[in-house]
Every structure is written in structure tokens, then in C-alpha cells.
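Undergrad: Here is what each chain is made of, one letter per residue.
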Amino acid sequence: MYCYKTGIEQIDSVCGGFEAGTNILILAPPMSYADQLAYALIKPLQGEYSIVLSTNERAAEVVDYFKVAGADKRFIGVIDAITKSSTPSIADTTRLMFVSSPTDLTGIGIKFSNMIETIFEGDFSEGEPGLFPPPVRFCVNSISTLLMYRRLEVLYQFLHVLTAKLKKIEGVGIYLLNSESFDEKTLSLIKQLMTCVIEVKMENNITYFRILGIRGVTGEWLRFTVTKGQVVITP
Amino acid sequence: MIPTGIHALDEMLGGGIPGNSRVLYSMEPGVNGQHFMISTLSAALKKGLTCLVILPNTTVDAFRHDAITMQGDQKTFSSDNLVFIDAIDRERIQKGAASRSAEARAWKARIQKVCQDNRIDVIFAYFDLLYEAFGLDTGLSILESARQSRKTTLILEHLNLEGAPLVDRFIHDHAFDLVLTIRSSSHPLPQFSYFTLLHTSWAPIPVRSIPFSVNEGTVVPYIPRIVVTGPERSGKSTFVAHASAAGREGIRAGVPEESANGAMDFGWLRWKNFDITLYGTPGNMGFDPHILPMLRHAMGVVLVIDATDPAMLPRANYLAGLVTKQRIPFVIAANRKDQPDVMEENEIRLALSLPKEIPLYYISATERSDVNRVLESLVDYITRISS
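Top line first, the protein sequences correspond to chains A and B.
Everything in the first sequence is counted per the numbering used here, starting at 439 for the first residue and increasing by one.
Everything in the second sequence is counted per the numbering used here, starting at 32 for the first residue and increasing by one.
Honestly, the hints are just simulated from the structure, not real lab data.
C-beta: ideal position from N, C-alpha, C; glycine also.
Incorrect hints may appear among the rest.
[Claimed, not checked] With a cut-off of at most 30 angstroms between alpha-carbon atoms, the simulated DSSO-like pairs for lysine-lysine come out as follows:
{"#": "1", "chain 1": "A", "residue 1": "K511", "chain 2": "B", "residue 2": "K356"}
{"#": "2", "chain 1": "B", "residue 1": "K106", "chain 2": "B", "residue 2": "K126"}
{"#": "3", "chain 1": "A", "residue 1": "K606", "chain 2": "B", "residue 2": "K387"}
{"#": "4", "chain 1": "B", "residue 1": "K356", "chain 2": "B", "residue 2": "K368"}
{"#": "5", "chain 1": "A", "residue 1": "K666", "chain 2": "A", "residue 2": "K623"}
{"#": "6", "chain 1": "B", "residue 1": "K356", "chain 2": "A", "residue 2": "K605"}
{"#": "7", "chain 1": "A", "residue 1": "K666", "chain 2": "A", "residue 2": "K639"}
{"#": "8", "chain 1": "A", "residue 1": "K443", "chain 2": "A", "residue 2": "K605"}
{"#": "9", "chain 1": "B", "residue 1": "K77", "chain 2": "B", "residue 2": "K139"}
{"#": "10", "chain 1": "A", "residue 1": "K443", "chain 2": "B", "residue 2": "K368"}
{"#": "11", "chain 1": "B", "residue 1": "K144", "chain 2": "B", "residue 2": "K106"}
{"#": "12", "chain 1": "A", "residue 1": "K511", "chain 2": "A", "residue 2": "K606"}
{"#": "13", "chain 1": "A", "residue 1": "K666", "chain 2": "A", "residue 2": "K505"}
{"#": "14", "chain 1": "B", "residue 1": "K182", "chain 2": "B", "residue 2": "K139"}
{"#": "15", "chain 1": "B", "residue 1": "K78", "chain 2": "B", "residue 2": "K182"}
{"#": "16", "chain 1": "B", "residue 1": "K77", "chain 2": "B", "residue 2": "K106"}
{"#": "17", "chain 1": "A", "residue 1": "K605", "chain 2": "B", "residue 2": "K387"}
{"#": "18", "chain 1": "A", "residue 1": "K443", "chain 2": "B", "residue 2": "K77"}
{"#": "19", "chain 1": "A", "residue 1": "K606", "chain 2": "B", "residue 2": "K356"}
{"#": "20", "chain 1": "B", "residue 1": "K144", "chain 2": "B", "residue 2": "K78"}
{"#": "21", "chain 1": "A", "residue 1": "K443", "chain 2": "A", "residue 2": "K639"}
{"#": "22", "chain 1": "B", "residue 1": "K126", "chain 2": "A", "residue 2": "K623"}
{"#": "23", "chain 1": "A", "residue 1": "K629", "chain 2": "A", "residue 2": "K639"}
{"#": "24", "chain 1": "B", "residue 1": "K387", "chain 2": "B", "residue 2": "K356"}
[Unchecked claim] Computed beta-carbon distance windows for the label pairs:
{"#": "25", "chain 1": "B", "residue 1": "L197", "chain 2": "A", "residue 2": "L625", "range": "22 to 30 angstroms"}
{"#": "26", "chain 1": "B", "residue 1": "K356", "chain 2": "A", "residue 2": "T532", "range": "16 to 24 angstroms"}
{"#": "27", "chain 1": "B", "residue 1": "I254", "chain 2": "A", "residue 2": "R648", "range": "50 to 58 angstroms"}
{"#": "28", "chain 1": "A", "residue 1": "M439", "chain 2": "B", "residue 2": "E407", "range": "24 to 32 angstroms"}
{"#": "29", "chain 1": "A", "residue 1": "C441", "chain 2": "B", "residue 2": "P386", "range": "25 to 33 angstroms"}
{"#": "30", "chain 1": "B", "residue 1": "N246", "chain 2": "A", "residue 2": "E591", "range": "34 to 42 angstroms"}
{"#": "31", "chain 1": "B", "residue 1": "N246", "chain 2": "A", "residue 2": "I528", "range": "22 to 30 angstroms"}
[What the hints assert, rightly or not] Examples of chain B residues lying across from chain A (beta carbon under 7 angstroms, computed):
{"#": "32", "residue": "P60"}
{"#": "33", "residue": "G61"}
{"#": "34", "residue": "N63"}
{"#": "35", "residue": "N88"}
{"#": "36", "residue": "T89"}
{"#": "37", "residue": "D92"}
{"#": "38", "residue": "H96"}
{"#": "39", "residue": "E163"}
{"#": "40", "residue": "L190"}
Using the sequences plus the hints, can you model the full thing?
TA: Given below as C-alpha cells:
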């Protein structure tokens, strides 16, 4: 089974990375650089593909981030739930697709399926071949935003379908959730859909994370920064 | 009658949707089924009907742009017969209402006013957010209130995250006239989407599932096809004949009647609401160029081999490779299980480079129950839903 390398020694040396079909929740307070951590974890390696469902920044900004991080943009797709509300006539391309708003779960589901199909058909990356079956890293850059627009029960059902599909295609999913804005019931329900959780905290302007739920990986807090799309663990 | 704009569906419905009906297009997440609603709207507008589109989760401009992109028809969607209640209206209603019940009343008042002012013939409603906010009974009553004074047709699109029980409520508790579900297999390739005509109140139309593709904005239904292939004398014709409800082997085109290896076999069966056509490929290698076109739009393949004949394994391996390249789901039917010297499963798997997830069944093609087991497994595999 394919393993998605993380670039984090504490994970890769124990189990080779995230196993195919893993869904990971990143629980983080605001302004803790958790989005950078998520992007670093889904940055595509050679032959891999990444899809970001962006509910809080424009597709162009997401692509720019990965470009700066040294990723090949031909292997990155974005489903943008922001831009269309201000630019209704914006048209989909193979790798950039737009839905009218974060409320539009129908549109999000369709664009996700379309992108996966295009990847499997080999038409995603301008003829540049990737691996087959294609390893896909997927990120929802804020479940918190989706929760602002849709009821928890509805979102739970929707994410249930999405995480199951990702397992089916042996992808890996990263989902960001603000740990301070939601009650315990919400956090616990969303956690039920996940394979493991990465908790992020910030103390004295220093960021830490710990990983819960991966066998063999200790749950100790690790101090980290993200540099050029790479997670760096500092002593 | 209001046509759906999907020719094959209109034929099944006897011309379209009767006026004053209530229609549900129930979509599973991820299925490209938005064309059903858009196509029906387009057909209604072309018929000169006045339509209200309720889109609580998007704006008029974004909707119009998407509809034109899907249908390629700017004129229709710029029609004066088209009015909207959109996300901006929803925001106003929400802000102005002190409670959930006040919000429901505000929705009713708004829809009634638009319907009266514009003499609306058909309401097209994207139902998700109304359902989420008010539940099924109140959500539908909001839309129903506008229909009381006039014979207005109501057509809903709904993202169904709850499965069959919710659809049943539309049929049994709310007496919808037409319920059509739109689903897909969980496999990314081949993309296999299908609609099921689940309920019609005005005609005894049998429940039927039809696969479809979307070509240039048009929903194109096609007949589900299972291809039965295999080396010469492996038992394909017998398999097709015993699988079929009304099967017939030996429909031949341009080949000698006596040459069974140059014959195409056809059969038909009904399984899980699909009317499936079975195509048996000729075994003769000279007919190989015809196999690829037969695989186009195939929903699955049965590769029949003679389990007693190791000499045909290289040919079977070639055919398995051909199917694998097309990424079509397939199963192996190892025929003549009742004969001596049947090969071990490992030997067959090794020779055909078969991964363990490809099912292999030992069968006797003359036993209908064996043949059915293979087809059941294949159809289950193809239509299995991720949720």
C-alpha cells in the first residue's frame, strides 16, 4: 500500500508516512500557522497530486503558496468556494474549479469527483505523467468555514461521504478545524470521521504540534516551523 | 406536459412531466446530475412557460453563468419569463426574521408575491438550504403555499445525504408525482453515473435505472452493457445463453453460420433495475479489433476461461490485459468446474497476473445459478456506493 511521506522524521521513520486512506484532522487555534502545516503535509511529491478545497482563500493564493514552496503546479488542483461570489462569470479549468459559496455542497461534491476522474484519466497535468494509481493528497483548508454555513449534522454526513471516497481512492485527507470556536460535541463528531488528529498549540509565540492516533508515533509536543513548504522540527 | 429536455427520459415519461406535478431530482453527493434540473428549466422556458428559480445558495449571475456554460444557450436563460429568488434574498429574509417561524412566513410571503406578480407556471427550487433550515414538512409547505392559487408545477433538486428513507418520505408522506434519483458508482474510473426512475404517479412505469454520460451539456442515457469475452471454446456462448432472460446466441454478421468462433452472442437480463445487454465477443483472434469498440461504455466484463485447459491461459492473459487497460471492472468465470483436471486458483491468478481483488469464480456455464452468481457479483461491484 502506498505511503505518503510527510517530511517529518518522527512519522516517516516509524511508519513510512501516512498510510493510503488516512484522514487527518488538524485541530488548531487561530493564527497558529496550522494552514501552513496542512499545506506542507499535502504538498505533492514527485508523481503525486494535490487537491485543496479552499473555503477561505482564493485559488490563485493557494497556487501561489505551493509555487513558492517549490511544488509543480501542474499537479495541484483547487476547488475555490470564495472567488465566484465576487466574480460570477469565472470559468472552471482542469485544475481550478469554482463553486458559488461554501454552502454549495452539491457543487463541491461534483467538482471533487470531476477532479479525481481527470486525475485517474491522466488528463490533469498537461501530459506530464504521474504515478498510477494516482496518489492524491487532499486538504479542506477550513472545516470551520463550512460549519459557519451548514449545520453540523449535514456537514458530518457530507464529510462522511468525502472521507469514504478518499479512502476508496487510497488518498490522504487533511482537514483543518479551529479548536477554539466549536464545542466539544462538534469536535468529537468530526473526530469520528478521522483516522488521526494533529493538535496544534501556540505558547510564547512558538508553535507546537502533536500527533494522536498513529501507531508507533509518540504523542509528544513537537516544536515546529514551516519553511518553503517543509515542516521543520526544532529542538 | 413539460419536457425534461432529455429525449430518452421524456419518452419513458410519455412526453414529459404533467402540469401541476411535483417532481424531485434527488442527487447523491459527487454525481454530475445538475444537468437534469437545468435541462428541464431550459425546456420549460423554450416552451414559453414562466419560471421561478429559487436558489438560496448562489446569486442570479453565478447561476445564469453556470446554466449557460452547461447548456450553451444564452438566449434561453436571459428570457423575460425567468425570475429568481436567490442568496441575496435569503440573506434579507434571514436578517429580517426574529425567529425560525417568522423566517418561514417571510419565505412564504416572498414566494407567493413573486408567483402572483409574475403568474409563475413552474417553480424550480434548489431545496438543500430550505430543508436544512425548516425540515421536510415545513420546507415543502413553504413552496406549496405558492401553488394553492394556481396550478403551478414544482420541481426540486436536492442533495440527498440521507439515502433511501428520505426519498421514501417524498413519495409516501408528500405524494410527489415523479421521483428520480441520480447516483454513481464509487469508482473513479470508469465514471459510471445512472439515474433511477423510482416513482411516477401518472403512469405505471416500472422502476428502471439507466446509465448516462454528459456530452456538451446534454444528458445522454445509454444501454448498460456487460461484455463477455474469453478465448475460443471457453464457454462464452453458453454463459450468455444461460445468463439471459431472453438470450439468443449466434447472431452473426458476415461470418459463416457454422463458425461458432466468429459469432457474436447477445443476451438480455434485468438485474437491480438495470436492463442489461450482454455482448459475447467472438473467440477468434481475427475479431480482436472489434473487442475495443465493444468495451466502450461497457459497465463491466466477464472473462470466461476453460479451467481445464492451461493452453488457453496466454490468450486469456492477453484479453485480461486489454480489459485492464480500459479500466473496466471485471470478474473471471473459470468454466467447466465439474470436469477433471481443473486448474488451481493460484495457477490461474499467476498466469493472468490477477490481483486478489479481482473475483474469480469456478462455474459451470450450463448452470444458471453459477452464471447468475458471477453477474450478481459484477453488478454489485459496479454499483456499490461509497456511502
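Undergrad: Are the hints correct? Go through all of them and say.
TA: Results for each hint:
1. A:K511 - B:K356: Holds, at roughly 28 angstroms.
2. B:K106 - B:K126: violated, 34 angstroms
3. A:K606 - B:K387: holds, 16 angstroms
4. B:K356 - B:K368: holds, 28 angstroms
5. A:K666 - A:K623: violated, 36 angstroms
6. B:K356 - A:K605: holds, 23 angstroms
7. A:K666 - A:K639: It holds: about 21 angstroms lies between the C-alpha atoms, which stays within 30 angstroms.
8. A:K443 - A:K605: holds, 17 angstroms
9. B:K77 - B:K139: Holds. B:K77 to B:K139 sits at ~28 angstroms (cutoff 30 angstroms).
10. A:K443 - B:K368: violated, 46 angstroms
11. B:K144 - B:K106: holds, 26 angstroms
12. A:K511 - A:K606: Roughly 25 angstroms between the alpha carbons, so the hint for A:K511 and A:K606 holds.
13. A:K666 - A:K505: Holds. A:K666 to A:K505 sits at ~9 angstroms (cutoff 30 angstroms).
14. B:K182 - B:K139: holds, 17 angstroms
15. B:K78 - B:K182: Holds. B:K78 to B:K182 sits at ~17 angstroms (cutoff 30 angstroms).
16. B:K77 - B:K106: Answer holds: B:K77 to B:K106 is near 10 angstroms, not above 30 angstroms.
17. A:K605 - B:K387: Holds, at about 18 angstroms.
18. A:K443 - B:K77: Roughly 55 angstroms separates the two Cα atoms, so the pair is violated.
19. A:K606 - B:K356: holds, 20 angstroms
20. B:K144 - B:K78: Holds, at roughly 23 angstroms.
21. A:K443 - A:K639: Within the cut-off at roughly 23 angstroms; holds.
22. B:K126 - A:K623: Cα-Cα ~27 angstroms, so holds.
23. A:K629 - A:K639: holds, 18 angstroms
24. B:K387 - B:K356: holds, 17 angstroms
25. B:L197 - A:L625: 22 to 30 angstroms: holds, 27 angstroms
26. B:K356 - A:T532: 16 to 24 angstroms: The hint (16 to 24 angstroms, Cβ to Cβ) holds, given that B:K356 and A:T532 are roughly 23 angstroms apart.
27. B:I254 - A:R648: 50 to 58 angstroms: Between B:I254 and A:R648, where Cβ atoms are some 55 angstroms apart, the hint holds.
28. A:M439 - B:E407: 24 to 32 angstroms: holds, 29 angstroms
29. A:C441 - B:P386: 25 to 33 angstroms: Given a distance of about 19 angstroms, which is not inside 25 to 33 angstroms, the answer is violated.
30. B:N246 - A:E591: 34 to 42 angstroms: holds, 37 angstroms
31. B:N246 - A:I528: 22 to 30 angstroms: holds, 24 angstroms
32. P60: Holds: closest Cβ of chain A sits about 4 angstroms from B:P60, inside 7 angstroms.
33. G61: holds, 4 angstroms
34. N63: holds, 5 angstroms
35. N88: holds, 4 angstroms
36. T89: Hint on B:T89: holds, closest Cβ of chain A at ~4 angstroms, below 7 angstroms.
37. D92: holds, 4 angstroms
38. H96: holds, 5 angstroms
39. E163: For B:E163, the interface hint holds, since the closest Cβ of chain A sits about 6 angstroms away, which is under 7 angstroms.
40. L190: holds, 5 angstroms
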